[in-house]
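Number of protein chains: 2
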Amino acid sequence: MITKPTLFLDEKQCRKNIETMCSKAKKSNVDFRPHFKTHQSQEIGSWFKEFGIDKITVSSLEMARYFAEDWNDITVAFPVNILEIETINSLAQNIELNLLVESRESITALESSLKHRVGAFIKIDTGYHRTGVDPNQIAEIDELARMIAESEMTEFKGFLAHAGHSYKCRSKEEIRVVHKQSTEAIVTLAEHFSNKYSDLTVSIGDTPTCSVADDFSMVDEIRPGNFVFYDLAQHQIGACEINQIAAAMACPIVAIHKARNEIVIYGGGVHFSKECLEEEKHGAVYGQVVEKKETGWGDPTPDMYIKSLSQEHGIIATPESEISKYKVGDCVHVLPVHSCMTANLMKSYKTTDGKTISRL
Amino acid sequence: MITKPTLFLDEKQCRKNIETMCSKAKKSNVDFRPHFKTHQSQEIGSWFKEFGIDKITVSSLEMARYFAEDWNDITVAFPVNILEIETINSLAQNIELNLLVESRESITALESSLKHRVGAFIKIDTGYHRTGVDPNQIAEIDELARMIAESEMTEFKGFLAHAGHSYKCRSKEEIRVVHKQSTEAIVTLAEHFSNKYSDLTVSIGDTPTCSVADDFSMVDEIRPGNFVFYDLAQHQIGACEINQIAAAMACPIVAIHKARNEIVIYGGGVHFSKECLEEEKHGAVYGQVVEKKETGWGDPTPDMYIKSLSQEHGIIATPESEISKYKVGDCVHVLPVHSCMTANLMKSYKTTDGKTISRL
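As given, the protein sequences belong to chains A and B, one line each in that order.
Position 18 (the first sequence) corresponds to 1238 in the numbering used here; numbering is contiguous.
Position 265 (the second sequence) corresponds to 1485 in the numbering used here; numbering is contiguous.
What the hints contain is simulated information worked out from the structure, not anything from laboratory work.
Check the hints yourself; a few may be wrong.
The list treats identical chains as interchangeable, and a pair is accepted whether it falls inside one copy or across any two copies.
Here are the simulated DSSO-like cross-link-like pairs (lysine-lysine), alpha carbons at most 27 angstroms apart as the crow flies [stated by the list, open to error]:
| id | residue 1 | residue 2 |
| --- | --- | --- |
| 1 | 1575 | 1501 |
| 2 | 1501 | 1388 |
| 3 | 1392 | 1335 |
| 4 | 1545 | 1236 |
| 5 | 1335 | 1570 |
| 6 | 1244 | 1513 |
| 7 | 1567 | 1224 |
| 8 | 1478 | 1388 |
| 9 | 1416 | 1545 |
| 10 | 1512 | 1392 |
| 11 | 1416 | 1527 |
| 12 | 1527 | 1388 |
| 13 | 1567 | 1501 |
| 14 | 1232 | 1478 |
| 15 | 1236 | 1547 |
| 16 | 1513 | 1392 |
| 17 | 1527 | 1478 |
| 18 | 1335 | 1247 |
| 19 | 1246 | 1400 |
| 20 | 1547 | 1335 |
| 21 | 1478 | 1575 |
| 22 | 1400 | 1570 |
| 23 | 1501 | 1224 |
| 24 | 1513 | 1400 |
| 25 | 1335 | 1224 |
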């Protein structure tokens, strides 16, 4: 029985999402190195092995350490934090560890303190402008590559980009434009260096472009992560259908305010995170209520969504025609806006079959 | 040595914040039942005992269970979640437990499944409109009070409000207006029932009004919580001075982009939460950089703030005059926007004296 906010997982849908992405990678003949920052779970990670996946991406050394129990080829897709050199060394002793560098300082620091050889990718900024080197700074990239290649502690692996500007898209067409532009930028760069360095890997990966684009044959590796669950944000972007979302929070109803058509749930910012969508019709949306089924959930209930969140409370705007169907002590199922942030807040998952799945 | 995002606590300032609020309560001759949802730490909780505090507020039964090891009078300031009746019964067996009710259904459910007597407050909506009963619904409140009082399992304790609309204020003057309006609403209600029920407690409490107002003598109890750390949101509201903020996140610098005056830190939405302020000058602000000191931190560095966050990355807008002072591998200290949400994401605190403080 559900007694408090519980993050449910539709295992079947989740496995389907994994399978679809695996097939896509295979069709383009590229390596698939899924990002595990969304689920952060060894058990969910193991589902990827059934499709032959043997290397992964994470976003912190803490995650790398957790997953190193099961995986021996891990890329930490985050600019290397040289202060964590001890963790880096202990990981590099046991697994194939790839790090991201984007400055001479980082490479020098690694060179002087690494005890075991690691792979190094140069992080390229293909338009998101969060971090990474501009692909037009050829002289700088040349110098970084030289430093990596000449060091005995680092192996120059190639170029890596995250086209996070795809998150600003609102249609498949826009996503394809970002994919084309971003991929061309990094591929052009890699071609420039292909005479100097052989076997460079070009790695890209964000859920919107990897979900919508069909052809990845220009690159060597894709690294999407969020697709494992998807969420309302991906749906708004145009990256998934609403029924591909594989995670939903079950929340107890604690109060009902018929006069203003609102339901109060136990389920707040400490469960969902305060990430929200701006919707034309409803304004800020923090979650979408879906129909509850015998096991799991069904379609969205139109115009029934979380309109605000505080630490433990969620306020659900509810159509007048719906509100009488609910009473205090019932549970509602809510699709999250950003499944990575939501999963990170919850200690475990419950599958719709009743299994508990732990995470980091 | 700091190697990854670490939430620092200025214990001295934190104790000062506690002392100030204790003195205020004493001066108005009201009970102080601090809300522990912000720090969620037994050790920080113990600092309150030094000021004679012997009862507390929490926002979930999970927190009540955690704090019940040290405290035997706890109010769960959240509309009772009747699905957690087992936890309620196990707590009520051992401590004085107060619950919030606001509907007949809840009271009936409690009546039929409580095994031990609990205190019950009627939750009153004094203008925030998150939840609670409108104080003008006298007939409904009368009926709720009757049901509580007649049940053998519940003791009618009084009325409780949270003037959360104070969070929309932007000056001390506005906060005082909310305090006056909200207090008058609940006090008038309590007076109406004072002939029928003796010894009713009127409980209010939110950090803005409790920080700014001076006189609480009209009520019986105050329950602020956030004041223990304060944060940028409280500062924007007008509830604290910037140097009263007792928590700051230390974050490693992983990349520097001089061309656009940005510093990339290891410190993202999974550390700070994605709560942000809207500032006239800077737009969205997710954290404010402060000067680093030998121990702890000093004043804010003007115009140096987190402008965006993703899961693990933070992007700090940095004045041109400042950026050359920083290098990869340094740490910056950042004041959080909402300390409750930030503390909830971190597993422990580090005091500026080097002590580790655990939490729930």
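Here's how the hints hold up against the structure:
Proximity of residue 1575 and residue 1501 under a CA criterion of 27 angstroms is satisfied in neither setting, with 37 angstroms inside one chain copy and 50 angstroms between copies. Proximity of residue 1501 and residue 1388 under a CA criterion of 27 angstroms is satisfied in both settings, with 18 angstroms inside one chain copy and 24 angstroms between copies. For a Cα distance limit of 27 angstroms, the shortest separation of residue 1392 from residue 1335 qualifies neither inside one copy, at 46 angstroms, nor across copies, at 57 angstroms. Neither within a single protomer nor between protomers do residue 1545 and residue 1236 lie at most 27 angstroms apart by alpha-carbon distance, with minima of 32 angstroms and 50 angstroms respectively.
With identical chains, the CA atoms of residue 1335 and residue 1570 are never at most 27 angstroms apart, being 41 angstroms at best within one copy and 29 angstroms at best between copies. Taking CA atoms no more than 27 angstroms apart as the test, residue 1244 paired with residue 1513 passes in neither setting, with 31 angstroms inside one copy and 52 angstroms between copies. In this assembly of identical chains, the alpha carbons of residue 1567 and residue 1224 lie at most 27 angstroms apart whether taken from the same copy (13 angstroms) or from different copies (21 angstroms). Proximity of residue 1478 to residue 1388 under the C-alpha cut-off of 27 angstroms is restricted to the inter-copy arrangement: shortest distance 25 angstroms between copies versus 36 angstroms within a copy.
Proximity of residue 1416 and residue 1545 under a CA criterion of 27 angstroms is satisfied in neither setting, with 68 angstroms inside one chain copy and 36 angstroms between copies. Neither within a single protomer nor between protomers do residue 1512 and residue 1392 lie at most 27 angstroms apart by alpha-carbon distance, with minima of 29 angstroms and 46 angstroms respectively. Proximity of residue 1416 and residue 1527 under a CA criterion of 27 angstroms is satisfied in neither setting, with 55 angstroms inside one chain copy and 38 angstroms between copies. Taking the shortest Cα distances, residue 1527 and residue 1388 sit within 27 angstroms of each other both inside one copy (22 angstroms) and across copies (17 angstroms).
For the identical chains of this complex, residue 1567 and residue 1501 are neighbours neither inside a copy (33 angstroms) nor across copies (38 angstroms), given an alpha-carbon limit of 27 angstroms. Within a single copy, residue 1232 and residue 1478 get their C-alpha atoms no closer than 37 angstroms, and across copies no closer than 47 angstroms, so neither meets the 27 angstroms cut-off. Proximity of residue 1236 and residue 1547 under a CA criterion of 27 angstroms is satisfied in neither setting, with 34 angstroms inside one chain copy and 45 angstroms between copies. In this assembly of identical chains, residue 1513 and residue 1392 lie within 27 angstroms of each other by CA distance neither inside one copy nor across copies; the values are 30 angstroms within and 49 angstroms between.
Proximity of residue 1527 and residue 1478 under a CA criterion of 27 angstroms is satisfied intra-copy only: 15 angstroms inside one chain copy versus 39 angstroms between copies. Taking the closest pair of Cα atoms, residue 1335 and residue 1247 never come within 27 angstroms of each other, the shortest separation being 39 angstroms inside a single copy and 62 angstroms across copies. Within a single copy, residue 1246 and residue 1400 get their C-alpha atoms as close as 19 angstroms, which meets the 27 angstroms cut-off; across copies the closest is 66 angstroms, which misses it. With identical chains, the CA atoms of residue 1547 and residue 1335 are at most 27 angstroms apart between copies only, with a shortest distance of 23 angstroms across copies and 61 angstroms within one.
With identical chains, the CA atoms of residue 1478 and residue 1575 are never at most 27 angstroms apart, being 36 angstroms at best within one copy and 50 angstroms at best between copies. In this assembly of identical chains, the alpha carbons of residue 1400 and residue 1570 never lie at most 27 angstroms apart, being 38 angstroms within a copy and 46 angstroms across copies at closest. Within a single copy, residue 1501 and residue 1224 get their C-alpha atoms no closer than 30 angstroms, and across copies no closer than 41 angstroms, so neither meets the 27 angstroms cut-off. In this assembly of identical chains, residue 1513 and residue 1400 lie within 27 angstroms of each other by CA distance neither inside one copy nor across copies; the values are 40 angstroms within and 47 angstroms between.
Only between protomers do residue 1335 and residue 1224 lie at most 27 angstroms apart by alpha-carbon distance; the minimum there is 20 angstroms, versus 47 angstroms within a single protomer.
In summary, the numbered hints that this structure violates are 1, 3, 4, 5, 6, 9, 10, 11, 13, 14, 15, 16, 18, 21, 22, 23, 24.
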